[in-house]
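Generate coordinates for the entire structure from the input sequences, incorporating the hints supplied.
Residue-level listing of the chains:
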Amino acid sequence: MDKLIHDFSFGLFIWQLLVFVALIFLLKKYAWKPILDAVNAREESIEGALKAAEKAREEMKSLQSDNEAILKEAREERERILKEARDMKNKIVVEAKEAASAEADKTVAAAKATIEAEKKAAVFELKQQAAALSIEVAEKVLGQELSDANKQAEMIDKIIDDVKFN
Amino acid sequence: MYSKLSVSLALIGAITFSVPAFAQDYNHHEDSHAVASHDTHDHTDLERGLDVKAQIKETIEHHLADSYEFTITEGVGFPLPVILFDEGLKVFSSSKFHHGESVAEVDGNHYVLHHSKIYKTDASGDLSMDEHHHPTNVMPLDFSITKNVFMILVMAGFMLFLFQRVAKAYQSDQTPKKAGRFLEPIIIYIRDEIAIPNIGEKHYKKYMSYLLTVFFFIWFMNLVGMTPLGINVTGNIAITFSLALITFIITQISGNKHYWQHILWMPGIPVILKPVMAIIEILGLFIKPFSLMMRLYANMLAGHVVIMSIIGLIFVFGSWLIAPAFFGLTLVLSLLEVLVAALQAYIFTMLTALYFGSAVEEHEHH
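So the protein lines, in turn, are chains D and C.
At position 157 of the first sequence the residue is numbered 157 (my numbering), and the sequence of numbers has no breaks.
To get my numbering, take the position in the second sequence, counting from 1, and add 1000.
For the chain D half of the interface with chain C, some residues (derived, Cβ under 8 Å), not all of them:
id, residue
1, Leu4
2, Gly11
3, Leu12
4, Ile14
5, Gln16
6, Leu17
7, Tyr30
8, Trp32
9, Pro34
10, Ala38
11, Ser45
Below are the DSSO-like pairs computed for lysine-lysine, each with C-alpha atoms no more than 27 Å apart in a straight line:
id, chain 1, residue 1, chain 2, residue 2
12, C, Lys1177, C, Lys1205
13, D, Lys29, C, Lys1202
14, D, Lys29, C, Lys1177
Hint data in this document are derived by calculation from the structure and do not stem from the laboratory.
Where a beta carbon is used, it is the ideal one built from N, C-alpha and C, also for glycine.
Okay, here's the thing in C-alpha cells:
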C-alpha cells in the first residue's frame, strides 16, 4: 500500500482525467450520438416495417374472408332464386293442371247435363210419338169396336204405362 | 464472426507479445551475462542464477512502471517531453536525463530521475534518503507527457478516428460498414445488456456516452497492453483511480432523493439501526469505486506480471530445451489475458452501470 501511494503519479492522474473527460464529450458528439441515433432509427424503421407487413397481412386476410363471404352470399342467393323458380314452376304446373281438370270436369258435367236433358227430351218425344203411334195403331186395329171414348183413353194410358216400363 | 475475430486477435496478440519479448529478454540476458563474466570470471552457477532473477525482476518492474521515454525495444525508442511546474513552467525533452543516468539542468534548476520519478536536486545529483529508502528531495509538480500519457493521447485520437468513421458510415444508409460491423454489436450489447437492465429504460440514455467510452477505452488499452511495446496503462493505479473517480462523481450527482434517503436514513429498519446503516452505507459509497479501481488495476498488473515471469523463467532455467514449454504456456496465458482484457472492461462497465442504476432507481414500493 505504501508503495502504491508512493508510486501514484498525480500528473498521470490529471492527464487521464482531462483527456478522458474530453474524450467522452468528443465521442458523444461525433460518434456515440450519431451511432445510437442511427441504430435507433434503424430499429424503429424495422419495427415499423414489420408492423406494416403484419397489418397488410391482416388486411389481406380480412379481404379474403370478405370475398369468401360475398361469394357465399352470391351462391346462397343463386340457390334461393333457383329454388323460387323451381317452386313457381311447380305451382304453375299444379295450378294449370287443376284448372285444366276443373275445366274438363265442368265441360264433362255440362255435357252430361245436356245429354241428360237431350235424353229426357228424346224419351219424352219418343213417348209422345209412341203414344200417338199407339193411338193410331189402336184406332186402326180397334176402329169401331171402341165406341166409348173413355174406355179407349183408359186403355191407351194403360198401354203407355206398360211402354214406359220398357 | 465475433469469435473468429477475437481468436485471431488473440493469436496476433499472443504471438506479437511472446516473440519479441523473448528476443528482448534474451538480449538482456546475453548482455548481463557478458557484463557479469567480464566483471568477475569466477561466477558460480548459483550467483549467475540470482543475477538473472534480479534482472528479470528489474525488467518486469521497469515494464510495469511509467516512463519518461517511449521504449519500443532495447535501445530503440524516443524521448517524450517533460513538463514541470517548478518556479514556472519547465518543458524539456526527457533525453536530457540520458535514460536516468545524468542530471538534467533546466534554467538553473537540476532534476534527477530515481525509480521513474523526477526529483529536484543540485548539480551533483545527490538524493537524501529516508528510512524507507524514499528520497526526501522535493518532487516538482509533474505533468510530463510520459509513456502512459502518450498512450492515452494516442488512444484518444485512435478512438475518435475510429468511432467517428463508424458514425459517418451510417449517414449513407442505416447499415454499419467495415469496422462498424464488428463494433455495432458490441455497442448494442452495452446498451441492451449492460445499460438498460441496470439503469432502466427511462434513464439509461444520458449514461451511454460514458459507458461506451469507458468500455472501449479500457478494452483497447488492455489489448494494447498485450503488445510487446511494454505499455501498462490500465495496470496503473492513477489511471484506474481517475476512471473510478469519474464513476463515483457521476453516481453521486445522479443520486435522487431515494438514493440519499437509503444511504442516510434507511427506511424500513428500526430507528436505532438507522445511524449504523448510514455509516455502513457511506463507507459503501467509497468502497464501491475503490473496488472498481483496485479490480482493474490488480487484474491487469497481475496479468503482466504472470506472463513476464513465465517468460523470465526461461532465462532462470537457462536452457533452450525448456523454452518451447514456456512458450506454449505464455501463449495459453496470453490467450487468457485477451479474454481478461475484454472481461475487465465488461466488469468495469457493468458495475459502473449498476452504481448509476442504484442512484437513479425509483422506489415505487415505498
